[in-house]
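J.: Spelled out from the first residue to the last, the chains are:
8 protein chains.
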Amino acid sequence: MNVHRDIKLDFGRRERMGLDEAILASGKSLVHLNAILDQAAEQDARFLLTRLAPEQFHGLPEKHRARIGYDELSRTGYFGEPEPARVETRTAIIAAGTSDINVVREASRTLHWYGEPALEVTDVGVAGIWRLLERVEEIRHMPVVIVVAGMDAALPTVVGGLVPGVIIGVPSSVGYGVATGGKSALNAMLASCAAGLLVTNIDNGFGAACAALRILRAPR
Amino acid sequence: MNVHRDIKLDFGRRERMGLDEAILASGKSLVHLNAILDQAAEQDARFLLTRLAPEQFHGLPEKHRARIGYDELSRTGYFGEPEPARVETRTAIIAAGTSDINVVREASRTLHWYGEPALEVTDVGVAGIWRLLERVEEIRHMPVVIVVAGMDAALPTVVGGLVPGVIIGVPSSVGYGVATGGKSALNAMLASCAAGLLVTNIDNGFGAACAALRILRAPR
Amino acid sequence: MNVHRDIKLDFGRRERMGLDEAILASGKSLVHLNAILDQAAEQDARFLLTRLAPEQFHGLPEKHRARIGYDELSRTGYFGEPEPARVETRTAIIAAGTSDINVVREASRTLHWYGEPALEVTDVGVAGIWRLLERVEEIRHMPVVIVVAGMDAALPTVVGGLVPGVIIGVPSSVGYGVATGGKSALNAMLASCAAGLLVTNIDNGFGAACAALRILRAPR
Amino acid sequence: MNVHRDIKLDFGRRERMGLDEAILASGKSLVHLNAILDQAAEQDARFLLTRLAPEQFHGLPEKHRARIGYDELSRTGYFGEPEPARVETRTAIIAAGTSDINVVREASRTLHWYGEPALEVTDVGVAGIWRLLERVEEIRHMPVVIVVAGMDAALPTVVGGLVPGVIIGVPSSVGYGVATGGKSALNAMLASCAAGLLVTNIDNGFGAACAALRILRAPR
Amino acid sequence: MNVHRDIKLDFGRRERMGLDEAILASGKSLVHLNAILDQAAEQDARFLLTRLAPEQFHGLPEKHRARIGYDELSRTGYFGEPEPARVETRTAIIAAGTSDINVVREASRTLHWYGEPALEVTDVGVAGIWRLLERVEEIRHMPVVIVVAGMDAALPTVVGGLVPGVIIGVPSSVGYGVATGGKSALNAMLASCAAGLLVTNIDNGFGAACAALRILRAPR
Amino acid sequence: MNVHRDIKLDFGRRERMGLDEAILASGKSLVHLNAILDQAAEQDARFLLTRLAPEQFHGLPEKHRARIGYDELSRTGYFGEPEPARVETRTAIIAAGTSDINVVREASRTLHWYGEPALEVTDVGVAGIWRLLERVEEIRHMPVVIVVAGMDAALPTVVGGLVPGVIIGVPSSVGYGVATGGKSALNAMLASCAAGLLVTNIDNGFGAACAALRILRAPR
Amino acid sequence: MNVHRDIKLDFGRRERMGLDEAILASGKSLVHLNAILDQAAEQDARFLLTRLAPEQFHGLPEKHRARIGYDELSRTGYFGEPEPARVETRTAIIAAGTSDINVVREASRTLHWYGEPALEVTDVGVAGIWRLLERVEEIRHMPVVIVVAGMDAALPTVVGGLVPGVIIGVPSSVGYGVATGGKSALNAMLASCAAGLLVTNIDNGFGAACAALRILRAPR
Amino acid sequence: MNVHRDIKLDFGRRERMGLDEAILASGKSLVHLNAILDQAAEQDARFLLTRLAPEQFHGLPEKHRARIGYDELSRTGYFGEPEPARVETRTAIIAAGTSDINVVREASRTLHWYGEPALEVTDVGVAGIWRLLERVEEIRHMPVVIVVAGMDAALPTVVGGLVPGVIIGVPSSVGYGVATGGKSALNAMLASCAAGLLVTNIDNGFGAACAALRILRAPR
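Those sequence lines, one after another, are chains P, W, A, V, X, S, F and D.
Mind the numbering: the first sequence is residues 1 to 220 in this note's numbering, read in order.
Mind the numbering: the second sequence is residues 1 to 220 in this note's numbering, read in order.
Mind the numbering: the third sequence is residues 1 to 220 in this note's numbering, read in order.
Mind the numbering: the fourth sequence is residues 1 to 220 in this note's numbering, read in order.
Mind the numbering: the fifth sequence is residues 1 to 220 in this note's numbering, read in order.
Mind the numbering: the sixth sequence is residues 1 to 220 in this note's numbering, read in order.
Mind the numbering: the seventh sequence is residues 1 to 220 in this note's numbering, read in order.
Mind the numbering: the eighth sequence is residues 1 to 220 in this note's numbering, read in order.
The set of hints was computed from the structure by calculation and includes no laboratory data.
Check the hints yourself; a few may be wrong.
Listed below are the simulated EDC-like cross-link pairs for lysine to aspartate or glutamate, each with C-alpha atoms no more than 16 angstroms apart in a straight line [stated by the list, open to error]:
#1 X:8 <-> F:134
#2 X:8 <-> F:120
#3 A:8 <-> W:134
Given these sequences and hints, build the entire structure.
T.: Right, here's the structure in full:
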């Protein structure tokens with residue numbers, strides 16, 4: 001099997017639509033991951049790896065591991081250096097509970113890769129609405145607000161009614177019973193009565209960050 | 001077909017568990033409804049009719065129509081007189097939007113049948129959280145709070161974190177796309193992170209009222 | 001029944017989060033619609049009505065009908081005058097087929113209400129990819145691209161890989177068999193491999209337009 | 001990563017709505033659990049831990065383990081001492097089979113934490129209806145009856161027709177084929193023809209107990 | 001279009017497996033129904049028509065209508081004479097509520113066509129368990145018991161634990177919310193803890209009766 | 001925890017409805033299984049254990065293991081001796097493929113426990129229809145035919161059209177993609193056009209055998 | 001509204017991939033249909049209309065109606081003349097029952113449009129397997145066999161095991177209960193154990209015919 | 001247990017419908033696999049094994065392992081020698097991403113077993129449409145094009161509009177959130193607006209290859 005034959009990296013993507021190709025590691029064998037990193041190293045490319053499980057990371061050869069800035073909580077890896085950070089923070093990432101932090105971190109690490117700092121605000125579930133109300137002033141001035149929530153996902157609706165920024169809802173798979181897997185949270189967000197709430201796939205912190213980048217960098 | 005043979009009203013139910021039998025009209029033919037009312041009239045029984053469509057009501061003979069206190073919005077009918085009303089209001093019925101009023105009214109008409117007054121608070125969806133916060137003091141002292149909500153059903157979670165009473169969530173079938181039919185609202189309520197939130201079937205204002213009556217009248 | 005008691009319009013919404021309250025007409029009785037319009041007329045308010053069925057519109061009293069700029073295709077009504085139109089077009093609305101035009105028009109009529117012109121590009125389904133490729137240059141410079149698609153909803157993924165603007169996918173309920181109702185289109189959009197694609201509820205052209213407005217008007 | 005930054009315990013919850021915050025351990029990393037317990041120990045707080053897996057409990061440092069009254073069957077932990085027990089038993093917890101005992105115990109341990117004793121009645125599935133009928137007298141005088149049932153979940157309907165107390169149905173995930181995961185039991189309970197039956201999420205013994213506490217302690 | 005070419009009646013079915021072919025009318029055009037009846041009349045065949053809507057029946061030519069013993073409640077038609085009735089009743093058909101009578105009647109009319117009398121016992125839902133217990137002696141001696149139930153479908157489980165005969169559960173589509181369409185009832189029956197409960201498709205009274213006939217007439 | 005308190009075996013079941021109680025082992029802890037067997041041993045009871053995993057069986061104390069006739073393929077255990085076998089075989093158990101043999105064996109072991117021999121016919125999937133046609137004569141004279149099939153579950157429909165006995169379809173969870181879990185097979189059986197086909201829960205060989213026993217032993 | 005602006009017919013499709021564009025009429029307003037036909041008439045184009053409801057057809061202006069060869073059963077219209085018919089029949093279209101004839105006819109009318117004759121074989125459901133076996137010889141020599149089936153959809157599996165041609169399964173929406181809508185039939189076909197069975201969307205006779213044309217005309 | 005009794009290999013299948021029986025290993029115990037291979041070795045049969053997990057392969061006795069040409073990526077095994085390879089390549093297998101390669105390889109290994117070479121084209125997801133457009137010329141002349149795609153499965157629609165060959169879509173289970181399990185990809189393919197797209201079960205590379213063989217070898 002000639003593994004290299006199977007792989008065709010899209011190095012022209014940034015020119016075309018403003019974002020680099022990222023590598024989704026889950027579902028890829030070590031053989032394929034290795035081949036991708038070999039090809040990238042040869043061409044001196046840099047990119048973001050997402051859903052890179054600890055077992056996958058630790059199974060890579062030392063030469064690649066040394067090059068990767070790995071974060072276990074978010075399962076992201078930086079192959080190469082992130083862009084220099086802007087000074088101003090333009091994105092808030094809000095979560096209902098601490099169980100959603102891995103998704104929050106995937107979003108903030110993706111933004112960080114592109115030089116965008118992010119404000120993380122966790123543990124502000126609406127069952128204790130005062131926790132959110134205390135933070136509204138901080139959030140109100142952000143052009144983009146990513147809201148991660150599982151279970152009943154009531155948080156983005158409430159936020160959407162309080163601030164004028166773009167609201168990106170990320171349903172999380174946290175929970176049990178009807179909540180397991182994130183479908184209830186997803187549907188609640190899609191059905192939200194907060195006008196203009198936008199939604200990504202379940203646990204897709206990476207996608208939410210890419211959308212934030214499109215918003216912050218799009219032609220105007 | 002001897003229709004009377006098919007019907008066996010449960011007149012001893014109140015002795016056994018505190019509530020009278022009610023007649024669910026939807027799905028019953030006029031022939032059967034008539035036979036039930038004939039039998040009830042003979043025995044001088046009184047009861048509540050639910051989901052009685054206008055077409056059904058207007059298809060009944062005058063003698064029965066005259067005896068029924070009918071409300072089209074809630075599709076309920078009082079066959080006989082309701083119990084005398086208590087002075088104190090012990091149940092609040094809250095709804096996110098005016099589209100849920102038919103369910104709200106089904107609940108309040110059921111409570112009224114048993115002599116329980118109810119406070120209706122509508123149009124307090126959480127996308128404008130201030131509308132709810134203005135009314136919290138009024139609701140805080142109620143032993144029972146019924147919350148009707150469709151779409152993302154974020155309201156009961158927020159209410160459940162603000163007041164100590166028993167919260168009964170009633171998902172409504174209002175909405176379109178993933179909201180249609182009320183499944184998203186139902187699942188959001190079941191998955192709610194507000195501790196102790198209880199849920200009924202979709203659009204089941206009658207059931208919520210019966211539960212409220214069990215709470216207010218149960219042995220102690 | 002005192003209908004006015006049930007209604008609480010949110011006239012402070014624009015101050016809070018930049019958009020006016022809109023009235024979702026579907027699921028509301030004529031009695032309630034009338035009461036809302038009476039209240040609005042008294043307070044000299046103006047707003048957008050969505051999902052206003054022709055039967056509902058024609059059932060309104062003449063005084064209200066005269067005040068409403070109604071469009072049957074999109075089922076939207078302007079109660080009052082739209083904002084003056086900006087010169088520059090900043091939003092493209094793309095659709096796979098002519099059957100999606102009602103959703104496209106709901107989005108463009110909502111944008112028009114807020115003074116935002118929109119470019120409509122219909123009938124560019126990816127089964128004839130050349131039709132889309134011919135229009136890419138026009139779309140590439142738009143900060144926001146709304147993509148309406150039913151059935152397999154392949155269009156937003158292809159567009160997302162071609163242009164740098166924010167992509168808002170609106171699944172439509174067009175189709176038959178597994179496509180009916182829009183669930184297949186919705187899931188395809190959520191699962192899209194185009195990074196940063198954002199999604200709304202099925203047929204929710206209004207929501208997509210509100211999101212576009214948040215993007216174009218958010219603090220920066 | 002500064003873990004403490006992520007956590008915001010809600011110590012004012014009891015004042016607001018009568019119940020303390022509880023910690024849902026499932027889905028939380030050991031790092032986060034530890035940080036929560038550290039913060040709680042510093043502030044001399046006490047609370048209930050739910051869904052605390054044996055692996056999680058045994059992974060905690062000795063200082064925290066020593067403080068926790070852990071029960072493996074229900075996966076609950078008491079961080080601190082429970083409230084002193086009332087004399088009178090006001091809640092019955094009924095289950096169809098012995099496979100549901102973990103959910104039953106989660107409910108009774110939660111009640112015990114708040115000083116409420118509970119009567120457990122297990123193995124009274126309705127396929128042998130006499131087992132239930134023998135116990136009805138005992139149950140009839142309880143203000144609250146929690147009914148845990150998986151599979152076809154016929155038990156709460158039968159109980160609801162026999163006793164006047166508040167019936168809280170808890171669907172359990174016991175079973176195989178169409179029963180697996182508890183969705184069939186959940187839907188059967190929601191669709192029940194027993195008037196006033198209330199339902200929680202699947203396996204949510206904790207939620208049922210919180211609801212019971214709201215019922216027993218609500219303002220009156 | 002030569003309609004006769006499309007139709008191939010299976011007149012040898014009784015020899016092969018003991019039951020005649022029946023004609024499922026729903027989904028058939030009047031043109032096809034007519035062609036089938038013409039062909040049958042020519043060959044002097046007799047058979048049972050099921051799901052024959054009143055509109056279909058009244059749309060047939062007089063010559064066919066005169067030959068059909070039609071019952072609107074069950075939507076069944078006898079084309080020809082039923083078999084002479086046996087003396088002994090060997091099948092009970094039990095239903096939870098009067099809304100299920102159309103399904104009950106479809107089953108009893110099918111049995112009657114084959115000369116099998118049936119005992120109908122309606123309105124014995126388990127929310128009033130005494131109604132069922134009063135009738136147990138009558139049912140206990142039946143070789144076959146068909147149980148029709150919608151909503152939570154608790155009835156067949158209770159019956160299955162009380163009598164030794166074969167229990168055939170027929171879920172009905174009666175109900176609203178999660179009950180609508182009969183899926184909840186179907187799943188509850190399949191997941192039942194009553195050993196040996198067998199199930200048919202939703203509303204399939206005809207199928208249950210055919211199964212009863214297989215049981216009563218099978219080789220032994 | 002007093003485990004014995006939780007258990008209430010139903011030793012009177014055979015008198016009531018002709019079958020003994022069986023113990024469903026899956027979902028029971030070793031502690032509970034042991035307590036059940038202790039209680040049974042004391043009372044000299046005998047019963048069938050189903051879904052007894054090898055790990056469970058080998059975790060039991062030697063005194064109980066010695067008493068159990070265990071079969072790993074079907075996961076059944078005989079606690080005590082089966083009834084003496086009848087001479088005549090009255091039940092055929094047919095399966096589409098060898099992957100269904102565990103379900104087939106659960107059914108035949110259950111029948112064997114009650115002294116009923118069964119004919120097993122495996123590997124007669126309808127994609128090679130001749131394999132089934134070769135065996136039809138053998139099956140035609142059986143009063144009961146249990147048909148186990150996964151994937152598309154076409155087998156019971158074909159069998160139901162060929163033989164007059166009672167057909168009990170058991171969907172199996174064999175397969176991948178849309179077949180996984182057995183839902184497709186279940187629905188295909190329920191929707192079958194073979195008149196009088198009866199269905200059990202997925203993989204429920206035990207239930208099918210109990211139904212066969214009801215058929216073979218019911219009063220007549 | 002300038003309707004013509006919305007429409008972009010794909011007249012180059014045949015050059016590109018061998019089939020003309022067809023017009024799916026369902027979901028299109030009369031205004032749009034008219035505009036499409038006007039545009040086509042101007043350019044002297046010819047094409048196939050599918051899912052053209054009788055109400056739509058009769059709502060067209062006389063000039064267009066006169067040009068369309070309309071068939072109500074299949075809801076297809078020929079705008080222009082079909083291609084001259086080949087002599088040899090290379091496609092069989094088989095259906096389980098007469099209720100599927102509308103789908104069968106949509107497929108044969110589509111083939112006829114392209115000059116391909118088709119053999120229709122209806123009413124050969126596998127519950128009477130002999131009806132199919134009688135016709136096998138006729139079918140065995142066809143390069144393509146389209147099999148339309150609803151309910152349990154057992155027919156394509158049996159056919160797939162008997163003949164060597166390409167089998168295209170078309171699930172139909174015929175049936176009730178779990179069969180309604182065709183999902184059960186679709187899943188049964190996808191899960192079929194007949195190797196190499198291919199499947200289309202529910203009721204998609206048009207798609208099956210297009211696939212047959214690709215097979216019969218593809219480069220070789 | 002006599003395992004051989006359970007197995008009935010279908011050695012006449014090629015004569016009947018052109019393809020040999022293949023053995024689906026998943027779900028089969030080692031005991032059964034061994035018995036099948038023993039029987040095959042005795043009769044000097046050769047066949048393809050699919051879904052043969054590495055654990056299964058390595059658990060076989062050396063004599064069978066030696067005879068099997070095993071490929072771990074596709075989980076296929078050749079028991080015996082493949083047919084001699086044709087010169088001309090008539091099938092292309094296209095995949096959106098490298099995560100789909102196991103399905104691609106299952107298809108190409110199945111074709112190889114029958115002597116059909118295949119062109120593999122991977123990593124041409126439509127989010128970078130140029131990658132596909134570069135390869136169109138190569139694909140355009142293939143009679144059969146198998147397209148494997150997960151997530152939103154937009155690839156087959158685009159391909160179907162570009163080339164005239166038969167398009168066989170194989171949904172893959174790659175992805176997370178709503179994509180997991182392949183249902184979204186499956187539905188998107190079934191709902192595709194590309195005329196004549198045919199679909200197999202999820203991950204069914206084997207089935208797609210069998211269909212390709214039917215197409216390439218069918219009578220003409």
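J.: Now tell me if each hint is right for this structure.
T.: Hint by hint, here is what the structure shows:
no.	hint	verdict
1	X:8 <-> F:134	holds (12 angstroms)
2	X:8 <-> F:120	holds (13 angstroms)
3	A:8 <-> W:134	holds (12 angstroms)
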